[in-house]
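From first to last, the protein sequence lines are chains E and Y.
For the first sequence, this note's numbering begins at 1 and goes up steadily by one.
For the second sequence, this note's numbering begins at 1 and goes up steadily by one.
Keep in mind the hints are simulated off the structure, nothing from the lab.
Everything hinted at is true.
Below 27 Å or equal to it, Euclidean Cα-Cα: the simulated DSS-like pairs (lysine-lysine) are: (1) E:K39 <-> Y:K135; (2) Y:K39 <-> E:K135; (3) Y:K135 <-> Y:K39.
Number of protein chains: 2
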Amino acid sequence: MSERLILHEYAASGNCYKVRLTAAHVGVALELHEYDIMKGETRTPEFLAEIDANGRIPVLQIGDRFLPESNAACFYLATGSPLIPSDRFDRADMLRWMFWEQYHHEPNIATLRFWLRHVGMDALGEVRRLQLVPKRQAGIAALELMDRHLARRNWFVGDHMTIADICLFAYTHVADEADFDLELYPAVTHWIERIMSDPRYILFDSELVLALDA
Amino acid sequence: MSERLILHEYAASGNCYKVRLTAAHVGVALELHEYDIMKGETRTPEFLAEIDANGRIPVLQIGDRFLPESNAACFYLATGSPLIPSDRFDRADMLRWMFWEQYHHEPNIATLRFWLRHVGMDALGEVRRLQLVPKRQAGIAALELMDRHLARRNWFVGDHMTIADICLFAYTHVADEADFDLELYPAVTHWIERIMSDPRYILFDSELVLALDA
Numbered sequence: 001m002s003e004r005l006i007l008h009e010y011a012a013s014g015n016c017y018k019v020r021l022t023a024a025h026v027g028v029a030l031e032l033h034e035y036d037i038m039k040g041e042t043r044t045p046e047f048l049a050e051i052d053a054n055g056r057i058p059v060l061q062i063g064d065r066f067l068p069e070s071n072a073a074c075f076y077l078a079t080g081s082p083l084i085p086s087d088r089f090d091r092a093d094m095l096r097w098m099f100w101e102q103y104h105h106e107p108n109i110a111t112l113r114f115w116l117r118h119v120g121m122d123a124l125g126e127v128r129r130l131q132l133v134p135k136r137q138a139g140i141a142a143l144e145l146m147d148r149h150l151a152r153r154n155w156f157v158g159d160h161m162t163i164a165d166i167c168l169f170a171y172t173h174v175a176d177e178a179d180f181d182l183e184l185y186p187a188v189t190h191w192i193e194r195i196m197s198d199p200r201y202i203l204f205d206s207e208l209v210l211a212l213d214a
Numbered sequence: 001m002s003e004r005l006i007l008h009e010y011a012a013s014g015n016c017y018k019v020r021l022t023a024a025h026v027g028v029a030l031e032l033h034e035y036d037i038m039k040g041e042t043r044t045p046e047f048l049a050e051i052d053a054n055g056r057i058p059v060l061q062i063g064d065r066f067l068p069e070s071n072a073a074c075f076y077l078a079t080g081s082p083l084i085p086s087d088r089f090d091r092a093d094m095l096r097w098m099f100w101e102q103y104h105h106e107p108n109i110a111t112l113r114f115w116l117r118h119v120g121m122d123a124l125g126e127v128r129r130l131q132l133v134p135k136r137q138a139g140i141a142a143l144e145l146m147d148r149h150l151a152r153r154n155w156f157v158g159d160h161m162t163i164a165d166i167c168l169f170a171y172t173h174v175a176d177e178a179d180f181d182l183e184l185y186p187a188v189t190h191w192i193e194r195i196m197s198d199p200r201y202i203l204f205d206s207e208l209v210l211a212l213d214a
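All chains should be modelled from the sequences, with the hints used to inform the complete structure.
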């Protein structure tokens, strides 16, 4: 990869951490540009015009091209590496878990973490408050599904780590920050330990970032 | 493709239609197994044990293997066809739009369509009622983003149709069923016409299915 790689990100975001963890696994360096989403820095006219019209991070910049959506950025970085299976079914099955993560996992576990830890209960409006219980239930269902799946295997797809594991790991390993009890999911816990014991593992440091922001 | 391909589906679901439209484009025949989600047919112990532990359709069955998640099924079917770009950036950018569809488009436009047309206003509980306005606003934002993107190009990625177009088309072209006014989005409307004029196009027939169900 000869083009300059810039990650436009917010360090406390698990979606951004996915991309950094993938980069660490494939051994490429990312230049980090930080934005404070709590201060609206991804909704400025400049950001919307130049980086992402959707106003969100992460965005992976490859030379002068911009790639939003965390899971797509992971796919780009991991292309040609063992993190993406070469088998046709396994590759589609990896994407299955990544689409599942965006639909059934992230909107529940990551959103609850954001509401509880970043926004704060006192600042939650009525619409969000009423979603606390359904999102809690859906988050538990997601963790239960992962636990049943991992009870029979070490990795989500095939016999080694793929970006499906990395993308699911990002918000799962900090699910306690959204008041989920990870001890209830032993297969998930072992899978988390498996990922954290890899020599290419890098820390999220979300607690550090939250503390720095405060 | 020599293995038997079965689509476990509900014909009125746009997520299932994506997979049928992709199959039509690549010229493969799918055997269709219908389930009525309104009657809980995807939550039976048999379905959960054999087809998808997540209890949802569509699921693409390839021989004796099962692939949930509509966008992953489209990726599997389109592998090796022009519907998936061979360029590294374009392929990731196609996935970008497919992840965006699952996060920013489907939970708003498809969910409102489901609530308004299948569940019905009278049967909507308080939590859902309070989400009508935020989902309406997010759905409009999604259509506006698509319209701005398509104002400068014919297809979402590159210079020909990819599965990003197919996956976004499924619920966009029936957004009027969720009370969105597609006439407000001229570039989207032209893109819809472009897809519908392709000789490989097949009809959703959601109105027919809704009528048959009633």
